[in-house]
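Listed below are the residues making up each chain.
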Amino acid sequence: MTAPLAGIRVVDLTMVWAGPFGTRLLGDYGAEVIKVEGPGQWDLLRGLGGIPRTVDRWYNRAAYFNHNNRNKYSAAIDLRQEAGRDLLLQLLAKSDVLVENYRANVMDNLGLSFEEVRAVNPRIVYVSMPGHGKTGPEAHYVTYGTNVEQLAGLVSVSGYEGGEPLKTGFSYGDPTAGLAVPAAVALGLRQRNRTGEGVHIDLAQRENLTGFVGEYLVDYSMNRELRAPAGNTHPHNAPHGVYPSGGEDRWLTIACENDEQFAGLCRAMQQEELAADERFATMAARKANERDLDTIIGEWTARWGHYEAMHILQRHGVPAGAVLTIPEVMSDPQLRTRGAWSEQVHPDAGTWEVETPPWNLTRTPGHARIPAPGFAEHNGYVFRDLLGLDEETIARLYADGVTADEPNVQSHT
Amino acid sequence: MPLPLEGIRVLEVGTFVSAPYCGRLFAGYGAEVIKVEPPGGDIARAHGPFKDAVPDPETSALFLYLNTSKRSVELDLGSQAGRDAFLRLAADADVIIENYRPSDARALGLDYERLRALNPRLVLVSITAYGQEGPYAEYRSNNLIAFAMGGQMFLTGDPDKPPVKNGGYQADYQGGLNAFSAANLALLAAERDGEGQHVDISVQHCMAPILEAGVPFYSYNGLWLGQRRGNLMSSFMGVYPCLDGQVGVHVMARNWPPFAEATGHPEWLEDERFATAESRREHDDVLMAEVIAWAAGVTKKEAYALGGEFRAPITFIHTMEDLLESPQLEARGFLRRIEHPVAGEAAYPGPPWWMGPDAWRDGPAPLLGADTEAVLSEAGLSRAEIAAVAGAPA
Numbered sequence: 002m003t004a005p006l007a008g009i010r011v012v013d014l015t016m017v018w019a020g021p022f023g024t025r026l027l028g029d030y031g032a033e034v035i036k037v038e039g040p041g042q043w044d045l046l047r048g049l050g051g052i053p054r055t056v057d058r059w060y061n062r063a064a065y066f067n068h069n070n071r072n073k074y075s076a077a078i079d080l081r082q083e084a085g086r087d088l089l090l091q092l093l094a095k096s097d098v099l100v101e102n103y104r105a106n107v108m109d110n111l112g113l114s115f116e117e118v119r120a121v122n123p124r125i126v127y128v129s130m131p132g133h134g135k136t137g138p139e140a141h142y143v144t145y146g147t148n149v150e151q152l153a154g155l156v157s158v159s160g161y162e163g164g165e166p167l168k169t170g171f172s173y174g175d176p177t178a179g180l181a182v183p184a185a186v187a188l189g190l191r192q193r194n195r196t197g198e199g200v201h202i203d204l205a206q207r208e209n210l211t212g213f214v215g216e217y218l219v220d221y222s223m224n225r226e227l228r229a230p231a232g233n234t235h236p237h238n239a240p241h242g243v244y245p246s247g248g249e250d251r252w253l254t255i256a257c258e259n260d261e262q263f264a265g266l267c268r269a270m271q272q273e274e275l276a277a278d279e280r281f282a283t284m285a286a287r288k289a290n291e292r293d294l295d296t297i298i299g300e301w302t303a304r305w306g307h308y309e310a311m312h313i314l315q316r317h318g319v320p321a322g323a324v325l326t327i328p329e330v331m332s333d334p335q336l337r338t339r340g341a342w343s344e345q346v347h348p349d350a351g352t353w354e355v356e357t358p359p360w361n362l363t364r365t366p367g368h369a370r371i372p373a374p375g376f377a378e379h380n381g382y383v384f385r386d387l388l389g390l391d392e393e394t395i396a397r398l399y400a401d402g403v404t405a406d407e408p409n410v411q412s413h414t
Numbered sequence: 200m201p202l203p204l205e206g207i208r209v210l211e212v213g214t215f216v217s218a219p220y221c222g223r224l225f226a227g228y229g230a231e232v233i234k235v236e237p238p239g240g241d242i243a244r245a246h247g248p249f250k251d252a253v254p255d256p257e258t259s260a261l262f263l264y265l266n267t268s269k270r271s272v273e274l275d276l277g278s279q280a281g282r283d284a285f286l287r288l289a290a291d292a293d294v295i296i297e298n299y300r301p302s303d304a305r306a307l308g309l310d311y312e313r314l315r316a317l318n319p320r321l322v323l324v325s326i327t328a329y330g331q332e333g334p335y336a337e338y339r340s341n342n343l344i345a346f347a348m349g350g351q352m353f354l355t356g357d358p359d360k361p362p363v364k365n366g367g368y369q370a371d372y373q374g375g376l377n378a379f380s381a382a383n384l385a386l387l388a389a390e391r392d393g394e395g396q397h398v399d400i401s402v403q404h405c406m407a408p409i410l411e412a413g414v415p416f417y418s419y420n421g422l423w424l425g426q427r428r429g430n431l432m433s434s435f436m437g438v439y440p441c442l443d444g445q446v447g448v449h450v451m452a453r454n455w456p457p458f459a460e461a462t463g464h465p466e467w468l469e470d471e472r473f474a475t476a477e478s479r480r481e482h483d484d485v486l487m488a489e490v491i492a493w494a495a496g497v498t499k500k501e502a503y504a505l506g507g508e509f510r511a512p513i514t515f516i517h518t519m520e521d522l523l524e525s526p527q528l529e530a531r532g533f534l535r536r537i538e539h540p541v542a543g544e545a546a547y548p549g550p551p552w553w554m555g556p557d558a559w560r561d562g563p564a565p566l567l568g569a570d571t572e573a574v575l576s577e578a579g580l581s582r583a584e585i586a587a588v589a590g591a592p593a
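Same order as they appear, the protein sequences are chains A and B.
Per the working numbering, the first sequence runs over residues 2 to 414.
Per the working numbering, the second sequence runs over residues 200 to 593.
Same shape as in the complex, but just chain A (with noise of 0.2 Å):
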């Protein structure tokens, strides 16, 4: 019943969303991962909770922070000192896997490059995942989720129909390339434990979101025609599409695959004359005709809550879901009922609700064990546990400022 994780000891060097998502996922599936920042070099997202600078510890209670890095320990080490280099190499001679999202150029410059940790641990998986990966021309570009979307193709193909094309709602690439680690980590641990040697996963962010979008390339290269943003049409079927709900901003999606799924919404409707009708008695003959039969399913569904309609279209067997907002995902029966978000207590930020790992592995489930680190709160761990470390040494390391028990403040404002 061990965690599919157990025992693999990751050193996270990533910083905002993309990286430590991908590690806390690492994290809910068993792996120690130990999170290093440098004294001036912390993850932004501890100054970006709204937090005011006033309170004690600001930078341990910023909510999006601790969303992205629980089930991780911290450290801090200043990679830029070449005490805090053989430092992080050290602790690479004990651990099993890195992560590092910085630009391409980074990781070389610092000295530690794939080669450079290879020399101290030649069965390391060095997993990098910058935004256009370690080669080419447009390596060293700087780029963030938003533009992540722009590379990969998808916003030329999205957006309503007949209009510019539409950015996504957040920074989508992030957490898609996140999302991809845990298989990454997987496949790099599975050929170190077959060939006993290390590997070098280049996850460019462009390119994994680029696999999101793969039948455009081909239909692009076959045909060569680009497709206009569609809305929420479907090439082939109707209805299919967004229908106003009761209330403020209240929408709910209904789609249709094929007859039967329409005749059910013509009963929910009470009106079965519809499913008759010439213009909507066909698949072909309701795509032809969609805005008049999107006029008469709006109509209904104006009448209802998104969620009522939803459960009276379902009943009837019929591809029907509300737009949920944030609020509504938090409450969300189904989700509660999968227990998709717990309490979790940290000691400086207090209580809330949390999501829970995303995946149900049935016989060795994810846990939400340990709350986000507190700045440099495992320094104690790292230096002495893990590294036998003297007291001397650590003095000198504090000293020197290759570590530090608080964040300098200024270095982010």
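Hints are computed from structural coordinates only; laboratory data are not their basis.
Treat each hint with caution, since some may be false.
Unchecked claim - Beta-carbon label-pair distances, calculated as ranges:
| no. | chain 1 | residue 1 | chain 2 | residue 2 | range |
| --- | --- | --- | --- | --- | --- |
| 1 | B | E469 | A | R195 | 53 to 63 Å |
| 2 | B | E529 | A | P123 | 41 to 51 Å |
| 3 | A | V107 | B | G579 | 48 to 58 Å |
| 4 | B | E312 | A | L227 | 42 to 52 Å |
| 5 | B | D291 | A | P123 | 31 to 41 Å |
| 6 | A | S412 | B | G532 | 30 to 40 Å |
Yeah, the Cβ is synthetic: ideal placement off N, Cα and C, and Gly gets one too.
Take the given structure of chain A and dock chain B to it, following the hints.
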């Protein structure tokens, strides 16, 4: 060097996008993936877009892309002979990937307890909209519905318009990649102790927690914006029309000086209204007008080159044509030319992550049922048994 997943045997009993995308990744990284298709084939074959817009089950771009490097077995799991043949394959599989509603999956013989009795080290990966249990577990869903119930749709679109989905099948792809990660963790555990398990993927549970800071800000800080923000999230994060397309900007506080330099506006750095991240937010309208005016005067490739030169996070909206012509993707060898016997040659995305030159393979999608006889024969079925399976050549 063997492929990373060489020696792993996967049965994919999946349709359309989510399970096939998971299967595509298994196949690309070296697993043997046997795609079990119903008579007539995976519905993605009927979906298109087709080569030259002529419907043909072998030229649907969606199918071609999602099923590279797999073998195809046409099998009617609605028949006893089909289910029996499937169980013979399952006895020797490491992983089964499926994406049916729980009750539909059980009707097809995809019952975990039964499969486990047959093959204790099997990892059964079920990708569903809501998971295996709970009040909506049997509710009907597809990409649009999942996008709505996962909370991503409400955030997407313009403030004065209805919510809109992202291009293609983003909920389904998320399901597929989540499943691939989860499946490989379960495989690690199975290779260690010889025991498989049922991996239960709820696309809703995968999607709802990743709304950027939305959930933590709501659950901890009690803040909820409650509004879509379209292409203009703010003056320093958005998509702006340019001379020949659109440029994208994502400026964090530390990128402000290079951004001002890259756009040819060093005077912004002297402007008190723009001195700090906070003051830039206060004067968001003024700055946005400036950024819009700047974008309107540049071409997309000029803007991107300036971003690179000054290390400012400026990109442009890449169309599929831009991807095919991308010097970056070209230099990295990301795009793969694959020859398909019916559809001909086309460019396909390569691996989602690079693990070395021999870690990914690029075989074409299989013709419908092309491997039925070979696969069933390898599984030990007699000629008569193979002939009895509906859809197989007699």
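Now for the hints, and whether the structure bears them out:
no.	hint	verdict
1	B:E469 - A:R195: 53 to 63 Å	holds, 59 Å
2	B:E529 - A:P123: 41 to 51 Å	violated, 33 Å
3	A:V107 - B:G579: 48 to 58 Å	holds, 54 Å
4	B:E312 - A:L227: 42 to 52 Å	holds, 49 Å
5	B:D291 - A:P123: 31 to 41 Å	holds, 35 Å
6	A:S412 - B:G532: 30 to 40 Å	holds, 38 Å
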